[in-house]
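Chemist: Now for the letters of each chain:
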Amino acid sequence: MEYSSGTPPVQRLIDEFSRLPGVGPKSAQRLTYHLIRMPAEQAESLASAILSVKTRITLCSKCFHITENDPCNICSDTTRDQSKICVVEQPLDVMALEKTSTYDGLYHVLHGVISPINGIGPDNLKVKPLLQRLMGNDVTEIIMATNPNLEGEATSMFIHKLIEPSGIKITKPARGLPVGGDLEYADEATLSRAIEGRQNF
Amino acid sequence: MTSNRVYKTKAIVLKQMPIGETNRIITFYTRSFGKVAAVARGVRRPGSKFGGSLEILNHVQTSIARGRSLDNVNECVVIESYKNLRKNLTAIAEGIYIAELVDTFGQDRSPNFSLFDILLETLSNLDQSEHREFWILWFEFRLLHVSGFLPEFVSCVECHNGLDRTDHTFDPVVGGVLCPECVSSYGTDQSWNVSVSALIVLRFFQRSLKLKLQSESAGPYVDDLADVKAFLRIYMRYIAERDLKSTGFLDLVRFKEIH
Numbered sequence: 003m004e005y006s007s008g009t010p011p012v013q014r015l016i017d018e019f020s021r022l023p024g025v026g027p028k029s030a031q032r033l034t035y036h037l038i039r040m041p042a043e044q045a046e047s048l049a050s051a052i053l054s055v056k057t058r059i060t061l062c063s064k065c066f067h068i069t070e071n072d073p074c075n076i077c078s079d080t081t082r083d084q085s086k087i088c089v090v091e092q093p094l095d096v097m098a099l100e101k102t103s104t105y106d107g108l109y110h111v112l113h114g115v116i117s118p119i120n121g122i123g124p125d126n127l128k129v130k131p132l133l134q135r136l137m138g139n140d141v142t143e144i145i146m147a148t149n150p151n152l153e154g155e156a157t158s159m160f161i162h163k164l165i166e167p168s169g170i171k172i173t174k175p176a177r178g179l180p181v182g183g184d185l186e187y188a189d190e191a192t193l194s195r196a197i198e199g200r201q202n203f
Numbered sequence: 063m064t065s066n067r068v069y070k071t072k073a074i075v076l077k078q079m080p081i082g083e084t085n086r087i088i089t090f091y092t093r094s095f096g097k098v099a100a101v102a103r104g105v106r107r108p109g110s111k112f113g114g115s116l117e118i119l120n121h122v123q124t125s126i127a128r129g130r131s132l133d134n135v136n137e138c139v140v141i142e143s144y145k146n147l148r149k150n151l152t153a154i155a156e157g158i159y160i161a162e163l164v165d166t167f168g169q170d171r172s173p174n175f176s177l178f179d180i181l182l183e184t185l186s187n188l189d190q191s192e193h194r195e196f197w198i199l200w201f202e203f204r205l206l207h208v209s210g211f212l213p214e215f216v217s218c219v220e221c222h223n224g225l226d227r228t229d230h231t232f233d234p235v236v237g238g239v240l241c242p243e244c245v246s247s248y249g250t251d252q253s254w255n256v257s258v259s260a261l262i263v264l265r266f267f268q269r270s271l272k273l274k275l276q277s278e279s280a281g282p283y284v285d286d287l288a289d290v291k292a293f294l295r296i297y298m299r300y301i302a303e304r305d306l307k308s309t310g311f312l313d314l315v316r317f318k319e320i321h
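In order, the protein sequence lines correspond to chains L and F. Position one of the first sequence corresponds to residue 3 (this note's numbering), numbered consecutively onward. Position one of the second sequence corresponds to residue 63 (this note's numbering), numbered consecutively onward.
Simulated from the structure, these hints should not be mistaken for laboratory data. Treat the hints loosely; a few may be bogus.
What the hints assert, rightly or not - The calculated DSSO-like cross-link candidates involving lysine-lysine, where the alpha carbons are at most 27 Å apart (straight line), are:
#1 F:Lys145 - L:Lys163
#2 L:Lys163 - F:Lys291
#3 F:Lys145 - L:Lys171
Stated by the list, open to error - Now the stretches of chain F that chain L is said to cover, found in silico as 3 or more residues with beta-carbon under 8 Å:
#4 114-128
#5 304-311
We put the CB at the ideal spot given by N, CA and C, even for glycine.
Turn these sequences into a full structure, and let the hints guide you.
Modeler: This is the structure:
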């Protein structure tokens, strides 16, 4: 939207907030009036944080995770296991997995999922760079950590078909009961997968 | 529609769209109310009460509360999740394709029991995983029938004379196949050639409309479906007035299955 010099700054900020996902016109108004009451330093700090995200953050040329340095800290960390690549849908998935501190391999961010009904196919995702990454590399395991729903599974199956001929081991995270949940409330699909994937005690 | 605030119905999940932090808008094709979109709150959380019940292509029993703008999904229990279909990438792509067809042809809040029933029957045929391509075409044909778009294939649509066993001209504007004599008088620039092998399958479909086809019925036809597939693809595109989005992925995975 183009703004003329005469557009009131308050209305302009409300309009800008309204463009954000999950922010309706009323929330945009609330955020704007909160900002007006905010100390100037805090508002400046918010503005500079937004600007630095846009100017300094880029995608890692290897794994396509969001990063300030290219390659990213994970890809350039030589202490990590270079033979494992965990394939995820979004950068937020990398952050969630990193919080667990149990995975020490590399990542590959697809930036989406195959969604045929929305016209999103493999060419719209970072699938080709993943295949290029595997060529002439010493990767021995690919972990397909897409979301456990139909589109996530279809994406994993499609990539599995492409990688299978190379002989690289392909795994996926276990599906099953959430920690702290009650067995009786688990749905059939989750429970049946938990039973199928049971482990030795 | 009932006047109650909460309505219960059997439904098939056609598609999902993320909205807000943890919600999704679910598009159902319901038996009693036609196409319905409703918000499932918290469904993206691992501990959500919906669990995996709102997965695309699930046959479910659901209870939906009417909201001011969008309805809300209250409860959802899986009746059938078509586990075999979900293990095969091509079957998933085919399932999503028929879901898109129903999303395109199904009317909002307008029940079509026949459409719901053929959708259910096709999902279970795809789950059996034999002759899937044939079942998709049979679904497309019946979809045209129950939506009122079925053209004439047995006799000339204008003079009603029987047609020779050869290639003919199909014209979507006049609504069917034209005999060679009628083409020059009634044919429009929208027409195209339909091969005899496509017509054989289409006429078999037309004769079988009142029957419940079994796997054996598909046997004689499954090796020669390329022409009828191409015909129905063009005709579906003509009716929908756009390319269906899921055909690209469907063609890709079918190609990879062969090669």
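Chemist: State the violated hints by number, sorted upward, taking the hints as numbered earlier in the document.
Modeler: No numbers; nothing is violated.
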